[in-house]
Amino acid sequence: MNTYLLQLKRSPRAIAGIAILLIWIIAAIAGPSLLPYTYTGMDMDNQMVAPGEAGHLLGTDALGRDVFSRIIYGSRSILTIALLTSLLSSIAGIIIGFTAGYFGGIVDTIFLRIMDILMAIPPLVLAMVVLGILGNSTIVGLTIIVSIAFTPATARVARGALLTCKSNEYVDAARIRGESHLYIMFVEILPNTIGPVIVEITARFAYSIMMIASLGFLGVGLQPPTPDWGMMVIENKSLIRAAPWTVLYPSLAIASLVIAISLFSDFVSKVMINEE
Amino acid sequence: MKKSIMVCAVFLLAAAMVFAGGAQETEEKMTIRVAEQVPNLITPGAWDGQAFSLNGSIYDYLIEMDAETGELVPSLATEWSSPEGKVWTFKLRRGVKFHDGSDFTSADVKFTLERTQDPDLGHLKAQDFENLEKIETPDDHTVVITLKEAAPTFNFIFTDYNMAILSSDYDYASKGESAPMGTGPFKLEQLIPKESALLVKNNEYWDSGLPKADELRIYFVPDIDSSVSLLEAGEVDIVPQISPIIKKRLEGMDGFKVVSPYQESRFIALADDREPFSDNRVRLAFKYTMDPEILAKACQGTLGETIFYNETPIVNALAQYKEIPFRGRDIDKAKELLDEAGYPDGLTVEFFYASDHPYGSDIAQTLKELAAPAGIELDLKGFPRDIYLSQHWMDGPMLLTGWGVRVDPSMLLMLAFHSEGPWNESHIDNPRIDELIESIRGEVDPEVRQTYYDELQEIFHEEGTVINLQVPYLVGVSDAVSDYRQPVTMLPQLEYTTIK
Amino acid sequence: MDFLKRFAKRLGFTLLTILAMSILIFFLVEIMPGDVAQTVLGQSATEESVAALRDRMGLDDPLHERYLRWAGGFIRGDLGESLYMRGVQINTIFWRKVGHSIVLAFTALLFYVPLSILFGVFAGVKEGKTPDAIISFVGLATMALPEFVSGIILITVFAVGLDILPITSVIPIGENLWQNLEILVLPALSITFVMFGYVSRMQRSSMVSVMKADYIRAAILKGMPRRYVIFRHALKNALLPTITIIGMNMGWLFGGLIVVETLFGFPGLGSLTMSAIKTRDIPLIEACVLFITFIFVFSTFITDMLYAFLNPRIRYKRGDV
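Chains as they are written, first to last, in the numbering used here: chain Z, 1 to 276; chain R, 1 to 500; chain D, 1 to 321.
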C-alpha cells in the first residue's frame with residue numbers, strides 16, 4: 001500500500017484526477033441536501049438568467065431551473081450507472097472470460113468466436129438500437145443494456161489475464177489437491193489477476209460515463225426531468241447563443257469527470273503494470 | 001525531417017481542399033427555401049404529421065380557407081351546395097391538369113374519397129367518410145355525394161390536410177412517396193428522401209399569376225435547432241414549427257421575424273376508461289393542481305395573450321367558445337378529492353407525450369412539477385413523435401397530444417370526444433356528450449346549435465377528460481419573406497409568398 | 001503460402017461473422033415489442049386493417065422464413081422498402097448517405113492521422129520531458145471527451161464565436177458534397193479530437209519502445225545523426241502498430257458518426273440510423289446497423305491482412321489479434 005502512495009505522490013496528474021473524482025463523488029452524495037434548489041424547482045420569474053444572477057450560481061434554463069443544482073443532481077445518476085455498468089460488465093466478463101480461458105480447447109474457441117462476432121457491433125450502436133426501440137429508459141434498463149454491450153470487451157481482457165497465470169505452480173498445486181474448478185478460478189487465480197482486472201474496471205468506468213452521456217445526448221437515455229448531463233446538453237442546444245451556460249456547464253461537467261477518471265485509470269494501469 | 005515536411009504538406013493540402021469548396025449562387029430565379037423538421041411524408045391520409053409545405057404545394061384541395069378571414073374559398077371546387085345537408089353537389093373547376101398532364105375530373109375526386117375506405121391503407125379520415133352512401137359523377141365536372149345522415153357542415157372536411165385531391169392514375173402501391181404529384185402550384189422536380197426536395201413552378205396552374213415564386217426548395221432537417229441555424233446562416237427563408245425558445249432567440253436578432261399564423265391546441269387527455277382518471281374526482285383533483293400562469297411561462301408566453309387555458313375542447317378563439325371562469329389552483333381541495341376517491345397517499349400515473357414536438361417536453365415537465373404537491377406523481381414517458389403517435393397515443397392513462405384547430409369544432413368533437421370517435425384519445429364515454437355532439441352535427445339553426453355547445457362546455461368543465469392548452473403555432477422567417485400565409489388548416493399557401 | 005492460407009481463413013471467418021451478425025441484428029430488431037403493421041397504420045387503425053397488412057407484408061410467416069427472405073434480398077443488393085416512406089426503396093436513399101459518411105470519415109482521417117503521428121512521435125522521442133507531458137495530457141483530455149462535447153466546444157468557438165463555419169451541415173439542392181466541403185470541417189474535427197488522443201498515445205508508446213531497441217541505440221552510438229535515425233529507422237518500425245490501430249478503429253469511427261452527424265445534422269449514415277430509430281423504420285434500422293457492422297468487420301480484416309503482409313515475421317496466433 002505504501003508503494004502506491006509513494007507513486008501517487010510523484011504523479012501530480014493522478015492526484016488531480018483523484019481530487020476531481022472525489023469532488024464529484026462528494027457532490028453526488030452530499031450535494032443535493034446542501035442545495036437551495038431542487039433539480040425540478042421552477043423559478044418562473046427568472047427564466048434563463050445568466051450565471052450569478054438572482055441567486056443562481058450557474059444561471060437557469062428555459063423553465064427557470066437552477067443549472068448548478070441540476071448538474072449536481074445529475075452527477076448521482078451518471079456516477080451510479082457508470083459504476084454499476086463497469087462493475088457488472090467486469091463481473092460478467094470475468095465469469096465468461098475465466099470459464100473460457102480456464103477450460104481452453106473447444107470452449108475457448110467457441111467463446112473467442114462469439115466474442116469476436118459480438119464485438120463487431122459498436123457498443124454505442126447496439127445500446128442505441130435497443131434503447132431506441134424499447135424507448136423510455138430507466139436506470140435499471142440503461143445499466144443492464146450498457147453492461148451487456150460492454151461485456152464482450154471485458155470478457156476478452158479477463159480471459160487474457162487468466163491465461164498469463166494459468167500455468168503457474170499454485171494452480172497446478174491446487175489441482176493436485178483436488179480443488180474444484182470454481183475454487184481454482186476464483187480463489188487461486190482471481191487474486192493473482194487482480195491488477196489487470198482493476199485496470200479494466202477503472203478504464204471501463206470512464207467508457208461508461210462517455211457512453212451514458214452520449215446515449216443521453218442521443219435522446220435514448222434517462223427520461224426528463226431527471227437531470228442527465230447528456231440530455232441537458234441536447235435539451236438546451238438551441239440556447240447555445242441565448243443562454244450558453246445551459247449547454248456549456250453540463251458539457252464541462254462531463255469533460256471534467258471523464259478526464260478525472262482517465263487520469264486516475266492511467267495511473268492505476270501504470271502502477272499495476274510496473275508491479276508485474 | 002523530409003518526412004515530417006511531407007506530412008505537414010499533406011495536412012495543409014487537405015485543409016486547403018476542405019476550405020476551398022464554397023457554394024455559388026447563380027440563378028436569378030425567385031426561390032423559397034424551407035427547412036422542415038418532419039421527414040418527407042407525403043401521401044395524404046396515410047400518416048399524420050406530413051411536411052405541410054410539401055403537401056400544400058404539390059396538391060390542391062376541393063375547398064381552401066382564406067388565411068386572413070378564415071372563410072371557405074373555392075379551390076378545385078368552384079361551388080358547392082346542399083339543401084338539407086344530406087346530398088352535396090360539388091361543381092369542379094374546368095381546365096385543371098395534373099402535373100403529369102392528365103385532366104382533373106370528377107373521377108379523381110371519387111377516387112380520393114373512396115380511398116379513405118381502403119382497409120389496407122388505414123386512412124386517417126376513414127371514419128369521417130363512413131357516412132358516405134354513394135358518390136355519383138354525372139359528368140366530368142360534377143360530383144354528387146349522398147350521405148347516410150345529414151351533416152350540415154360536411155363541406156369543412158374538404159379543407160383537412162388529409163383530403164388533398166389525388167390523381168386516380170397514380171400508382172400509390174408501388175410508387176408511393178417516391179414521386180408524388182397533384183394539381184398544386186408547384187411540381188416536384190427532385191426528391192432525395194430524408195434530405196431535400198426541389199419543386200418548380202407549375203406553369204399550367206389554374207390560378208393565373210400564381211405561384212409567385214419560381215422554385216421551392218425544401219430541406220428535411222430532423223432537428224429544430226439545426227433548422228434554425230440554417231435560417232440564421234441565410235441558407236433557408238422559412239422554418240415552420242419552431243419552439244417558443246427559438247422564437248425568443250430569433251426575436252433578439254436582426255433580419256428575422258417570427259410569425260404566428262394561428263393557435264393550436266395541446267390536449268392533456270385523462271383517460272376515462274382506466275385508473276386513476278376513470279374517477280371524475282381524480283380528474284378534478286388534477287385540474288385543481290393546474291396553474292395556467294406557470295404553464296404559460298413554461299411555454300414562453302403570456303396567459304391571455306399568446307397562451308390560453310381551458311378545460312373544454314373548444315378553443316377560446318372560436319365563436320362557439322363559452323367563457324367559464326378558471327377554478328383556481330387549490331392543492332388542499334385536490335388532496336381532499338384524492339382522499340375521497342380512495343387515494344389518501346397520492347398516486348402515480350404514466351404520462352405519455354412526444355418529446356420532440358414543440359412545447360411537449362416543457363409542458364410535461366411543468367405538469368409534473370405542478371401536480372406533485374397534491375400527491376399526483378406523473379411518470380413521464382417521452383418518445384419521439386412518430387413512436388409516440390404509432391405506439392402510445394390512444395393507449396395510455398394520460399397523454400399530451402398536439403391538435404390542430406378545426407374551424408368547425410363539431411368535426412373535432414366527433415373525432416375525439418364522441419364515444420365512437422376514431423381519435424377518442426381519452427376514451428370518454430358520456431351519453432349526454434354523445435347526444436349533444438350528434439345534435440350539433442345535425443342542427444341547421446346556428447342559435448340552437450350554440451345552446452348545445454354551451455351545455456357541452458359546462459359538462460366538460462365539470463367532468464371532462466381534457467385540459468386544453470392553446471399555444472401559438474410559430475414560424476420563423478427571414479425579413480426577405482413577404483406574404484407567408486397559413487390558415488388553421490395548417491397548410492401553408494406558399495403560392496402567394498415572395499422573396500426579396 | 002502461409003499468407004494465402006491465413007488470408008483464406010480470415011476471410012472465411014469474416015464472412016461467418018457477417019452472417020452471424022445479420023442473424024443477430026434481424027432477431028434483435030424483430031423481437032422488439034411493437035407490431036410493425038400497427039406502427040405503419042397507427043393507433044387508430046382497426047384490427048382488420050392491421051391483420052390485412054400483416055398478411056400482405058408476410059409478418060405472420062415463421063421467423064426463419066422472414067430472415068431468409070430478408071437476407072436473400074441483401075445478397076441480391078435489395079435492401080427492401082422503407083416502412084416509413086412507402087414505395088421508397090432503401091437503396092435509393094442509403095448509398096448516398098453512406099457515401100457522405102465515407103467522405104466524412106476520410107476527411108477526419110486526413111486530419112487526425114498526420115496530426116497524431118506527428119505529435120505521437122514527438123512525444124515518444126522526448127519521453128518524460130515537458131513536451132511529452134503536455135502532448136499526453138492533451139491526448140488524454142481530448143480522448144476523454146465524448147464527440148458531442150468536443151462538438152459543442154467547436155461549435156461555440158468556430159460557429160458561434162468566430163462565425164466562420166456552418167453549425168448545420170446541409171447540402172444545397174442541386175449541389176453535391178464536393179461543392180460544400182466546408183460542412184465537413186466541424187464534424188471531422190470533432191472526430192479528430194477523440195481519435196487524436198487514441199492514436200497519438202499509441203504512436204508515442206510504440207516510438208518509446210522502438211527507441212529503446214538495440215539496433216536504434218547502436219545506430220545512435222555509432223554516431224549517426226539522431227534525427228536521421230528517428231525518421232529513417234525508428235519511425236518505420238513504430239508506424240506499424242499505429243496503422244493497425246487506425247484500421248481497427250474504422251468501424252468504431254463509423255459508430256461514433258451517429259453522435260457527430262446527429263449534432264451537426266450531417267446527411268450521412270449516422271443521422272440516417274438515428275432517424276430510422278426515431279421513426280421505427282425497421283428495415284432501415286436493419287440496413288444501417290448491418291452496414292456499420294460490415295465496415296467494422298472488413299476494416300479489421302483488411303488491417304489484419306495488411307499487417308501480416310507488411311510484417312511477414314509475425315506468426316498468426318488465434319485470438320491474439
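Keep in mind that the hints were calculated from the coordinates and are not lab data.
Hints are not guaranteed to be accurate.
Unchecked claim - Within a straight-line C-alpha distance of at most 25 Å, the following computed DMTMM-like cross-link-like pairs (lysine to aspartate or glutamate) qualify:
(1) D:Lys5 / Z:Asp116
(2) D:Lys9 / D:Asp214
(3) R:Lys381 / D:Glu30
(4) Z:Lys9 / D:Asp132
(5) R:Lys148 / R:Asp171
(6) R:Lys97 / R:Asp171
(7) Z:Lys9 / D:Glu175
(8) R:Lys368 / Z:Asp45
(9) R:Lys248 / R:Glu215
(10) R:Lys381 / Z:Asp108
(11) R:Lys500 / D:Asp2
(12) D:Lys9 / Z:Asp116
(13) Z:Lys270 / D:Asp132
(14) R:Lys248 / Z:Asp45
(15) R:Lys248 / D:Asp163
(16) R:Lys248 / Z:Glu53
(17) R:Lys368 / R:Asp356
(18) R:Lys29 / D:Glu127
(19) D:Lys9 / Z:Asp108
(20) R:Lys201 / D:Glu175
Hint by hint, here is what the structure shows:
1. Between lysine 5 of chain D and aspartate 116 of chain Z, the direct Cα distance comes to roughly 20 Å. Compliance with the 25 Å bound is thereby established for this hinted pair.
2. For the proposed pair lysine 9 of chain D and aspartate 214 of chain D, the alpha carbon gap of about 35 Å is over 25 Å, so the pair is violated.
3. Proximity of lysine 381 of chain R to glutamate 30 of chain D is assessed by CA-CA distance (about 23 Å); at most 25 Å being required, the pair is judged to hold.
4. For the proposed pair lysine 9 of chain Z and aspartate 132 of chain D, the alpha carbon gap of about 20 Å is at most 25 Å, so the pair holds.
5. Our distance criterion of 25 Å between C-alpha atoms is broken by lysine 148 of chain R and aspartate 171 of chain R, whose separation comes to about 30 Å.
6. Annotation: proposed proximity of lysine 97 of chain R to aspartate 171 of chain R holds, straight-line Cα distance about 17 Å (limit 25 Å).
7. At most 25 Å may separate the alpha-carbon atoms for a hinted pair to count; lysine 9 of chain Z and glutamate 175 of chain D exceed this at roughly 59 Å.
8. The straight-line distance between the Cα atoms of lysine 368 of chain R and aspartate 45 of chain Z is roughly 19 Å, inside the 25 Å bound, and the hint therefore holds.
9. Using a Cα cut-off of 25 Å, the hinted pair lysine 248 of chain R and glutamate 215 of chain R is violated, with the two alpha carbons roughly 30 Å apart.
10. A C-alpha spacing of about 43 Å is found between lysine 381 of chain R and aspartate 108 of chain Z, which places the hinted pair above 25 Å, so the restraint is violated.
11. Only pairs whose Cα atoms come within 25 Å are accepted, and lysine 500 of chain R paired with aspartate 2 of chain D is rejected, the gap being roughly 71 Å.
12. This hinted pair checks out: lysine 9 of chain D and aspartate 116 of chain Z have alpha carbons roughly 15 Å apart, not beyond 25 Å.
13. A C-alpha spacing of about 16 Å is found between lysine 270 of chain Z and aspartate 132 of chain D, which places the hinted pair at or below 25 Å, so the restraint holds.
14. Simply put, lysine 248 of chain R and aspartate 45 of chain Z have alpha-carbon atoms about 16 Å apart, close enough for the 25 Å limit, and the pair holds.
15. Proximity of lysine 248 of chain R to aspartate 163 of chain D is assessed by CA-CA distance (about 20 Å); at most 25 Å being required, the pair is judged to hold.
16. For a cut-off of 25 Å, the pair hint linking lysine 248 of chain R to glutamate 53 of chain Z stands: about 20 Å separates their Cα positions.
17. Between lysine 368 of chain R and aspartate 356 of chain R the alpha-carbon distance is near 18 Å, which keeps this suggested pair within the 25 Å criterion.
18. Between lysine 29 of chain R and glutamate 127 of chain D the alpha-carbon distance is near 62 Å, which puts this suggested pair outside the 25 Å criterion.
19. For the hint pairing lysine 9 of chain D with aspartate 108 of chain Z, the CA-to-CA distance comes to about 18 Å; that is within 25 Å, so the pair holds.
20. For the hint linking lysine 201 of chain R to glutamate 175 of chain D, the alpha-carbon distance of about 20 Å falls within 25 Å, and the restraint holds.
Hint compliance for this structure: hints 2, 5, 7, 9, 10, 11, 18 are broken, all remaining hints hold.
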